[in-house]
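**Q** Take the given structure of chain A and dock chains B, C and D to it, following the hints.
Protein chains in written order, with my numbering: chain A, 337 to 555; chain B, 337 to 555; chain C, 337 to 555; chain D, 337 to 555.
Calculated from the structure, these hints are not laboratory results. Misleading hints may appear alongside valid ones.
Pairs count within a copy or across copies, as identical chains cannot be separated in the list.
Unchecked claim - Think about it this way: if two alpha-carbon atoms lie no more than 20 angstroms apart in a straight line, the pair counts; the simulated SDA-like pairs of lysine to any residue are:
1. Lys-486 to Thr-435
2. Lys-486 to Ala-476
3. Lys-486 to His-389
4. Lys-486 to Phe-520
5. Lys-486 to Glu-496
6. Lys-486 to Gly-542
7. Lys-486 to Val-531
8. Lys-486 to Arg-541
9. Lys-486 to Tyr-394
10. Lys-486 to Ala-499
11. Lys-486 to Thr-544
12. Lys-486 to Val-516
13. Lys-486 to Leu-534
14. Lys-486 to Val-535
4 protein chains.
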Amino acid sequence: MPRRKREGMESRWAGSRTEAFSDGVFAIAVTLLVLDLHVPESAMNDLLHGIVHQWPNYLAYATSFITIGGIWLAHHAIFRRLRYVNTQVMRLNLLLLMTVSFLPFPTGLAAQAVRDENAERVAVIFYGASLLIVSVALAALWRSVVRDPKLLRPEVTEQEIRAITNRSTPNIGLYVGATVLALFAPNAAAGFYLVIALVTVARARGDTPAPEPEASLAA
Amino acid sequence: MPRRKREGMESRWAGSRTEAFSDGVFAIAVTLLVLDLHVPESAMNDLLHGIVHQWPNYLAYATSFITIGGIWLAHHAIFRRLRYVNTQVMRLNLLLLMTVSFLPFPTGLAAQAVRDENAERVAVIFYGASLLIVSVALAALWRSVVRDPKLLRPEVTEQEIRAITNRSTPNIGLYVGATVLALFAPNAAAGFYLVIALVTVARARGDTPAPEPEASLAA
Amino acid sequence: MPRRKREGMESRWAGSRTEAFSDGVFAIAVTLLVLDLHVPESAMNDLLHGIVHQWPNYLAYATSFITIGGIWLAHHAIFRRLRYVNTQVMRLNLLLLMTVSFLPFPTGLAAQAVRDENAERVAVIFYGASLLIVSVALAALWRSVVRDPKLLRPEVTEQEIRAITNRSTPNIGLYVGATVLALFAPNAAAGFYLVIALVTVARARGDTPAPEPEASLAA
Amino acid sequence: MPRRKREGMESRWAGSRTEAFSDGVFAIAVTLLVLDLHVPESAMNDLLHGIVHQWPNYLAYATSFITIGGIWLAHHAIFRRLRYVNTQVMRLNLLLLMTVSFLPFPTGLAAQAVRDENAERVAVIFYGASLLIVSVALAALWRSVVRDPKLLRPEVTEQEIRAITNRSTPNIGLYVGATVLALFAPNAAAGFYLVIALVTVARARGDTPAPEPEASLAA
Numbered sequence: 337m338p339r340r341k342r343e344g345m346e347s348r349w350a351g352s353r354t355e356a357f358s359d360g361v362f363a364i365a366v367t368l369l370v371l372d373l374h375v376p377e378s379a380m381n382d383l384l385h386g387i388v389h390q391w392p393n394y395l396a397y398a399t400s401f402i403t404i405g406g407i408w409l410a411h412h413a414i415f416r417r418l419r420y421v422n423t424q425v426m427r428l429n430l431l432l433l434m435t436v437s438f439l440p441f442p443t444g445l446a447a448q449a450v451r452d453e454n455a456e457r458v459a460v461i462f463y464g465a466s467l468l469i470v471s472v473a474l475a476a477l478w479r480s481v482v483r484d485p486k487l488l489r490p491e492v493t494e495q496e497i498r499a500i501t502n503r504s505t506p507n508i509g510l511y512v513g514a515t516v517l518a519l520f521a522p523n524a525a526a527g528f529y530l531v532i533a534l535v536t537v538a539r540a541r542g543d544t545p546a547p548e549p550e551a552s553l554a555a
Numbered sequence: 337m338p339r340r341k342r343e344g345m346e347s348r349w350a351g352s353r354t355e356a357f358s359d360g361v362f363a364i365a366v367t368l369l370v371l372d373l374h375v376p377e378s379a380m381n382d383l384l385h386g387i388v389h390q391w392p393n394y395l396a397y398a399t400s401f402i403t404i405g406g407i408w409l410a411h412h413a414i415f416r417r418l419r420y421v422n423t424q425v426m427r428l429n430l431l432l433l434m435t436v437s438f439l440p441f442p443t444g445l446a447a448q449a450v451r452d453e454n455a456e457r458v459a460v461i462f463y464g465a466s467l468l469i470v471s472v473a474l475a476a477l478w479r480s481v482v483r484d485p486k487l488l489r490p491e492v493t494e495q496e497i498r499a500i501t502n503r504s505t506p507n508i509g510l511y512v513g514a515t516v517l518a519l520f521a522p523n524a525a526a527g528f529y530l531v532i533a534l535v536t537v538a539r540a541r542g543d544t545p546a547p548e549p550e551a552s553l554a555a
Numbered sequence: 337m338p339r340r341k342r343e344g345m346e347s348r349w350a351g352s353r354t355e356a357f358s359d360g361v362f363a364i365a366v367t368l369l370v371l372d373l374h375v376p377e378s379a380m381n382d383l384l385h386g387i388v389h390q391w392p393n394y395l396a397y398a399t400s401f402i403t404i405g406g407i408w409l410a411h412h413a414i415f416r417r418l419r420y421v422n423t424q425v426m427r428l429n430l431l432l433l434m435t436v437s438f439l440p441f442p443t444g445l446a447a448q449a450v451r452d453e454n455a456e457r458v459a460v461i462f463y464g465a466s467l468l469i470v471s472v473a474l475a476a477l478w479r480s481v482v483r484d485p486k487l488l489r490p491e492v493t494e495q496e497i498r499a500i501t502n503r504s505t506p507n508i509g510l511y512v513g514a515t516v517l518a519l520f521a522p523n524a525a526a527g528f529y530l531v532i533a534l535v536t537v538a539r540a541r542g543d544t545p546a547p548e549p550e551a552s553l554a555a
Numbered sequence: 337m338p339r340r341k342r343e344g345m346e347s348r349w350a351g352s353r354t355e356a357f358s359d360g361v362f363a364i365a366v367t368l369l370v371l372d373l374h375v376p377e378s379a380m381n382d383l384l385h386g387i388v389h390q391w392p393n394y395l396a397y398a399t400s401f402i403t404i405g406g407i408w409l410a411h412h413a414i415f416r417r418l419r420y421v422n423t424q425v426m427r428l429n430l431l432l433l434m435t436v437s438f439l440p441f442p443t444g445l446a447a448q449a450v451r452d453e454n455a456e457r458v459a460v461i462f463y464g465a466s467l468l469i470v471s472v473a474l475a476a477l478w479r480s481v482v483r484d485p486k487l488l489r490p491e492v493t494e495q496e497i498r499a500i501t502n503r504s505t506p507n508i509g510l511y512v513g514a515t516v517l518a519l520f521a522p523n524a525a526a527g528f529y530l531v532i533a534l535v536t537v538a539r540a541r542g543d544t545p546a547p548e549p550e551a552s553l554a555a
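Next up, chain A with everything else stripped away, as it sits in the complex:
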């Protein structure tokens, strides 16, 4: 039984490091958002007003946090269905992570620009365009998986594949729409980004209990 010999060493999943690295990037991108929240020293006279006055920053914080949370959920849904991570998935994953870790920049910019009508329009469009690029990178990653079915675990059904496609693809259209909307109504567009993020998280599905061990016991 030569397989036994290396049992302890082979037991980790081939993609575990790609997941660990990605989880790190997602977690840091999401946590760095807090660095854009601060009340200027001058607001100490009336701190309550100073805190409330930061509302665009809270909105931007929540929107980007929930958006990245939704991308993490989609990333998790994809990777737990993979048997291994081939060269193309690795590259597209790196591209996705690059777009995700860029997000704190347009997030901070949008919050900073909110009190100037012209700047706000530009900042909200820039923010939307960044989210659009993240969605495209995510869709490209998923598409490259679907095109090469031997990447997927054998138990993944056609139905699951369609469900993931249906949950990730429409966001591209929504972000195009929201970004066009930002040209005319940046405030409405900013709210729309938050709604897209909330809906994405609401549509995500958790894990299911691994049925195999029980099944094999029954056998």
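**A** Same frame as chain A, but now just chains B, C and D:
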């Protein structure tokens, strides 16, 4: 033996990525706190005084570190009793992480405001309200687990469930109390937050050695 | 069967923590790069111009992200072929991580210096020298593995060893060349660094599906 | 075979999350050190001088990086010998992490203060005192493990226990010595901290190949 076939691939726990992402967020939130510690260039003339003068920042650092440490311990106590992570747990976990990674902001604010009586009151109330929201998110996560017992591993006892509930629920009341106290005595409330954090960590329980392998050997 | 007794406890790979720590450092180094992106308050009048004006920062961001991504891929390619992590690998890995987590500094400097011809030359040489040191640390790590073949898993072939050597060694020469080029043409050198990073990622190979379980089933 | 039933779920080591959280904190603490490196805008005229002028920051960066690296190695050496993580180990680990993630503050202060003789003395003493506290926390963690031998895996020998004690305890004395030295000769003390860190890493031992599988095959 079809189960065998995918043995190497199925061996990771279904919730391991949710844990990894959460650990990342907790670890970063806790480590970013240090960024609020710095001595102004002007204090270089009398650096010893400059360092000592930062005491409110050290207090805020320790309070938030120990508070987040306590939340991490509770999170760990919950997740190691789960069989899998369903949709609702995932969402509530994301909400919990959002409130935790927000904490460096009120922490920095509280330290910054400490030398101005009015600002301090507001900052300490804001800090307490943030901690309260974290506790509520944690309790909601645990409640959603308890309500759906098939989420829990079969070996988890009623007693363990009650113990976790008893360790997490009172904090909500304590934070309400401390935040009300902050209206009248912000300094006392600030000390109270530290005491709550210390008691939470003191009440947390470590892991126990997995008894199964030995037990099955004896059999 | 005494081995069985500790099965659950021995199942993790001996190098898993070294990987986890390294993944953390890589992920943070890559995500901290975003902190160098910001538009000054004064650019709010013409934010579109302000955003476009930051192009050297985007270039530096992308170059360093892709470079670190390529190093992570090489690190992963090395570590998944290891049986364990000996003392020397641990030390060289720590050295590699120290050079990698240093990179946000020369990256920010290069972006900052781009509008001053003299400063740019120095900054680009400094950036190239930093990348050169990272490559040397990576090559030293790989060399120390190759010199001690019992570090490698038994299934690793001579061909794989040569392939990794061929993918990592030339970068040292390329970074020497690019850094010398920076003396005369800093702009061209900056572009060259990006090309080296892209080629490194393009040459990296993903994981392959673990063949063992199937093989043993066939037997 | 009831043990089989939960095989997939029990396979992770009970302390894996404590390790993951700790790795995150170590990795972030080490990577945040780079944020203290920056060349002021005014140095762009003579950037080479500006970069060289930052030498105290590089020294502080290297010293703290290698110190934290050494603590990580010691932490890893302790945790891979544990069977599980009890309540006291969890608490002491949290204390250790709190002291480690504090280090970027005294590190930055020491680099900042180096050009003012009085400030330097205070900053170097403060830095040394911080390192001393980290060493004490680490020794306390190890001591609490040694006092409760059932925490240790059965295969850990008396010799290994003594070796870890011998590698970690002397640092307390060295840091006391270096901190006293800083009263009279801060520059020498700063160099001494680096030497202590280098010696700690040099004395650390890597992993050994898990002998069990081979042994059981031979049987």
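**Q** Now, for every hint given, state plainly whether the structure supports it.
**A** Okay, the hints, checked on the actual structure:
1. Lys-486 to Thr-435: Cα proximity of Lys-486 and Thr-435: none, with 27 angstroms in one copy and 38 angstroms across.
2. Lys-486 to Ala-476: within (17 angstroms within a copy, 36 angstroms between copies)
3. Lys-486 to His-389: neither (53 angstroms within a copy, 45 angstroms between copies)
4. Lys-486 to Phe-520: Intra 46 angstroms, inter 50 angstroms, cutoff 20 angstroms: neither.
5. Lys-486 to Glu-496: within (15 angstroms within a copy, 23 angstroms between copies)
6. Lys-486 to Gly-542: Between. Shortest inter-copy distance 14 angstroms satisfies the 20 angstroms Cα cut-off; intra-copy 24 angstroms does not.
7. Lys-486 to Val-531: The answer is neither: 35 angstroms in one copy and 32 angstroms across copies each exceed 20 angstroms.
8. Lys-486 to Arg-541: Answer is between: at 17 angstroms across copies they meet the 20 angstroms cutoff, but 23 angstroms inside does not.
9. Lys-486 to Tyr-394: neither (43 angstroms within a copy, 36 angstroms between copies)
10. Lys-486 to Ala-499: So Lys-486 and Ala-499 pass the 20 angstroms test inside one copy only (19 angstroms; across, 25 angstroms).
11. Lys-486 to Thr-544: between (22 angstroms within a copy, 11 angstroms between copies)
12. Lys-486 to Val-516: The answer is neither: 39 angstroms in one copy and 46 angstroms across copies each exceed 20 angstroms.
13. Lys-486 to Leu-534: For Lys-486 and Leu-534, neither the intra-copy (33 angstroms) nor the inter-copy (27 angstroms) Cα distance is at most 20 angstroms.
14. Lys-486 to Val-535: Neither: 31 angstroms inside a chain and 27 angstroms across chains, both beyond 20 angstroms.
In this structure, the earlier hints numbered 1, 3, 4, 7, 9, 12, 13 and 14 are contradicted, and the remaining ones agree with it.
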